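Chemist: Now for the letters of each chain:
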Amino acid sequence: MVKPARQPYTGDEMMDNVIRMNTELMSELWILRDRVTLLEHLLQEQGVISRKTLDDMVPSGDLAKELNRERDSLVEKVVGGAWMQGYSVESLVAKARRDD
Amino acid sequence: MAQADQSGTTNFGPFARPSVALAQRGRSGMEFLGSLQKYVAGTVRGRARAEFAADPDGAALAKTWADRSDQPWSERIATARSIAERSKAYRYERLIQRYVAEEVYIRSVPAAELRRAEAIAFDSQPVAPAGGTLELDPTIEVPAWLSRTEWHLMPGGWDGYDLMGIAGGSGIGPLVFRHGGYAAVEAGDNIAQQRIDVVRSFPKKSYARIYEPGCGGAGTMSCVHQVFPDAELVASDLSPYLLKKGHALAERLGIPVHFKQRDCRETREPADSFDGVIMYALQHEMPVDACVDSFREAFRILKPGGDLVMNDPPPFSAVDPLQAVVLDWDTRNRGEPFFTATREIDWPDVLRDIGFVDVAGFSLGKFGYPYVVRGSKPA
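So the sequences go chain by chain: A and B.
Per this note's numbering, residue 1 is the first one in the first sequence, and the count goes up by one each step.
Per this note's numbering, residue 1 is the first one in the second sequence, and the count goes up by one each step.
Hints are computed from structural coordinates only; laboratory data are not their basis.
Hints should not be assumed to be uniformly reliable.
[To be verified] Only some residues are given here: those of chain B computed to face chain A with a beta carbon under 8 Å: (1) Q24; (2) R25; (3) S28; (4) G29; (5) F32; (6) R91; (7) R98; (8) T139; (9) T149; (10) E150; (11) R300; (12) R332.
It should be emphasised that the depicted structure is a prediction, and the values quoted were computed from it without experimental measurement.
Quick reminder that beta carbons are idealized off the backbone N, C-alpha and C, glycines included.
Extracted from the complex, chain B is given alone in its bound form (with noise of 0.2 Å):
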């Protein structure tokens, strides 16, 4: 069987560990998907934000871009977008990045399909077990939001191809973002440290019970596990392929989670019965009543004195005026139909009028992302 080398893992999303190596063909084909992505990310982008910088237009926006202002966000970059695109830099590396998200599923499926017998091999294999559970619900109702959205321009949406976890962490994972970034993660950017530090934002040395809504598959919570080791874990989603991947590779890494098919924002978990709740790179895939929702939902389940770390990319607020126009940009080319609505909501503000004490917001990286909301119940 082809086995990819276990060593080149990136964390990335919920196709966390590669399983099964594609061939030669599929490989290379992604590969040079993450060379040329991290160029025009980096090199590319990076020219077009000095040309920005270097247009007075785009230099007198900057100045005053972080201040609050009654103008609605989508005026304000609707103006930035059109300084933009008077660099030709700009305009091409919003192309590659289009191509880029279409190539990665154009390649990454069939190179999966070849794979096929190997995938079912690998998945096959006998595991010790971990001491998880999964537990699925076919009756749950799952919002036409989520299952009518190609989310990423990926073909079938979440549970639309079931060997997207070999296309993924065999492919799209480690061989394209792990080099070019995608989105609010930056070319070259180390995503699986990125989580690491995301979940060392928790302002305790230890917790008990850790919860995580929206989790994806594994991700999270392997880095959550790696940092508080004796902590109970419970994670959940609405997409049964990926609660399915995320249980069978939290078994394989020997890691105890609980993984139930739930609504964020109805856990069914008893109120007060968490010490911490973890939330990665969710708000960014729904509408802001359910983000507003989820918020309520963790701060009901949360004991008091409970703890809330949440990371997504940044508001528009936090970044210059470029970015906010690269982070915009994903809502009407990269299938993220709420990534423009959830980017103008300062959350540290909901969070508040929520219930939460001592809430924070801060970027921990260069260009905004990771970007993280802490905030507690109050004792």
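Chain A extracted, bound-state conformation (with noise of 0.2 Å):
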């Protein structure tokens, strides 16, 4: 079978493998809130719990650390990760025991 091969549209190679993967992430990140609004379209339908609710929940305790703990190692993988000049087993460690 015959099918044409890629071309570097944007004239580079690399420059077209990071647009594709920034495309696909953007493509996961809809696929996932279609996801959330179809959930929290059912709960509020079968009256497990209102999008009111949500809304107006403020964590706390447990519940708050964790997403402290989530958002900082995100913005720590996707910002850090380009500045990131080398890693050790003691800085693997430490990583691990803050993600704990």
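Using the supplied hints, reconstruct the complex from the two chains, each of which is provided in its own coordinate frame.
Modeler: Written out as structure tokens, the structure is:
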């Protein structure tokens, strides 16, 4: 079977790849948002929990700690990845303890 | 059984009707592609178009584009492409066009596979016979240029996957192309209405018998039936899969169509036996000599005074330079090996050479598509 090869559409194959990754992440984000919206709709429709309850909820205690930890970890992974110069057993173990 | 909303149909290509709804990941992933395609084909390409027009070289080229020229189209389009590629918007838009063209299959095939049981159940539902027929010919010779091509980047080609009807009819058509267009079809175009408008290009108010070579399913014939409900309909194609799906859909819709596995260059129909012939998006999927032969065959089977209506992407001469670059791009990037060669031809001239009279070629849409060529066999 014949299929035309990909071209470097931006003029730079690596740039094409980065845009493809970015687009794939945007797609995954949408698929998750779609699913969360469905979940919220069904939970409210079946009387389990309302969207207003979700909107009004202020995380506290262990839940707030969990969210803080996950958020910090995400920022570090996404933004910090570009500046990460190296790693060691100690830094990786320390990271594991932070994430735990 | 998961059942799709039948009102959301698109009549896009051979996969004309959704029959089984996709699961959440498949559905939302395809819907994302629809939004992405809509944005790049509309907004981003619009930016590229404006940049092309603002470029002095682009503006100069546009002024003489429609003039007859001895310079080969390949050279003229190469010049236009070099101007278009100065635009980052153009480059990004083309990258995403390729991305979506791949992803529609990468996502819809697994999504269809997850619905295999539902698809089998849907196909086995009893349907009141509409009176149509299906005639397959396992001995028919399929040209290599047809069987070896992964059309539109479709894995395996037209007959490569038994649930491609679900992938297309429940995914690609209604969730992506309906919003974002495809190739010559612009974002936001009403592709179902386009098909009706093309059928209405037939010059007479009624037809007794209408033939469609290269039908690809029941999409066009369902529109022909809508416009000419009393016409007897005969449709042919080389793909057994598309013929089977077309027959099943036509019966389900209550439209009697006689489907036959035939080569459009040799239909085996008697001479002077049809009042109308319609060809929809067929020429760009064949070499030029096969297109010419298909017109000769249409001329042969038409009764004296009968009419031919064909629709295909417009010739390069009927669009602006950037649109010509966009059309040409499909040849090397989206599994359309004959797109460029068949856009270089002004088909009205070919029809006149064959013997058609009252020949006309005209665009129905803003950027040249649909492009209708119409002619009649002398009475």
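Chemist: Now tell me if each hint is right for this structure.
Modeler: Structure-based check of each hint:
1. Hint status for Q24/B relative to chain A: holds, with the closest Cβ pair at about 6 Å, below 8 Å.
2. A cut of 8 Å between beta carbons decides the hint on R25/B: the least distance to chain A is about 6 Å, and the hint holds.
3. Interface restraint check for S28/B: the shortest CB-CB distance to chain A comes to about 4 Å, inside 8 Å, so the restraint holds.
4. Residue-level restraint check for G29/B holds (minimum Cβ-Cβ distance to chain A is 5 Å; threshold 8 Å).
5. At about 4 Å, the closest approach between the beta carbon of F32/B and any beta carbon in chain A falls short of 8 Å, and the interface hint on this residue holds.
6. At its closest, the beta carbon of R91/B sits 5 Å from a beta carbon of chain A; the interface hint therefore holds under the 8 Å criterion.
7. Hint status for R98/B: holds, given a least beta-carbon distance of 6 Å to chain A, under 8 Å.
8. Checking T139/B against chain A by beta carbon gives a least distance of about 23 Å; that is not within 8 Å, so the hint is violated.
9. At its closest, the beta carbon of T149/B sits 5 Å from a beta carbon of chain A; the interface hint therefore holds under the 8 Å criterion.
10. Because the closest C-beta pair between E150/B and chain A is about 4 Å apart, less than 8 Å, the hint holds.
11. Using the Cβ-Cβ criterion of 8 Å, the hint placing R300/B at the interface with chain A is not satisfied: the shortest such distance is roughly 32 Å.
12. Of the supplied interface hints, the one on R332/B holds, with its beta-carbon coming within about 5 Å of a beta-carbon of chain A, less than 8 Å.
In this structure, the earlier hints numbered 8, 11 are contradicted, and the remaining ones agree with it.
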